[in-house]
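Build out the structure end to end from the sequences listed, making use of the hints.
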Amino acid sequence: MSTQILILVIAAVAGSSAIVGYALCRSLQVRKLRQTQAVRDRLGATLASVLSSSSDAASDGDAA
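The opening residue of the sequence shown carries number 1 in my numbering; numbering runs sequentially from there.
Derived from the structure by calculation, the hints contain no laboratory data. Don't take every hint at face value.
[Claimed, not checked] Have a look at the derived ranges for each label pair, beta carbon to beta carbon:
no.	residue 1	residue 2	range
1	VAL13	ALA48	48 to 54 Å
2	ILE19	ASP56	53 to 59 Å
3	ALA12	VAL39	29 to 35 Å
From a predicted model like this one, the values you see are computed outputs, not experimental measurements. Every residue, glycine too, gets a C-beta built ideally from N, C-alpha and C.
Dropping the structure here:
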């Protein structure tokens, strides 16, 4: 009987450790994804700004 209880306790601890490990892994993946998205957004904004500036410069050149 005590062996069965010990096996159940070990299984419960292993199961909860697996759940915590999975949750931690998902949390890190989400954080990495958000960081990647933030970098992508900044690069997109920079590119849009550069393209807008070059477009304005080209328009000024055409007018002159």
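Results of checking the hints against the structure:
no.: 1; hint: VAL13 x ALA48: 48 to 54 Å; in the structure: holds (52 Å)
no.: 2; hint: ILE19 x ASP56: 53 to 59 Å; in the structure: holds (55 Å)
no.: 3; hint: ALA12 x VAL39: 29 to 35 Å; in the structure: violated (41 Å)
Hint violations for this structure: number 3 only, all remaining hints satisfied.
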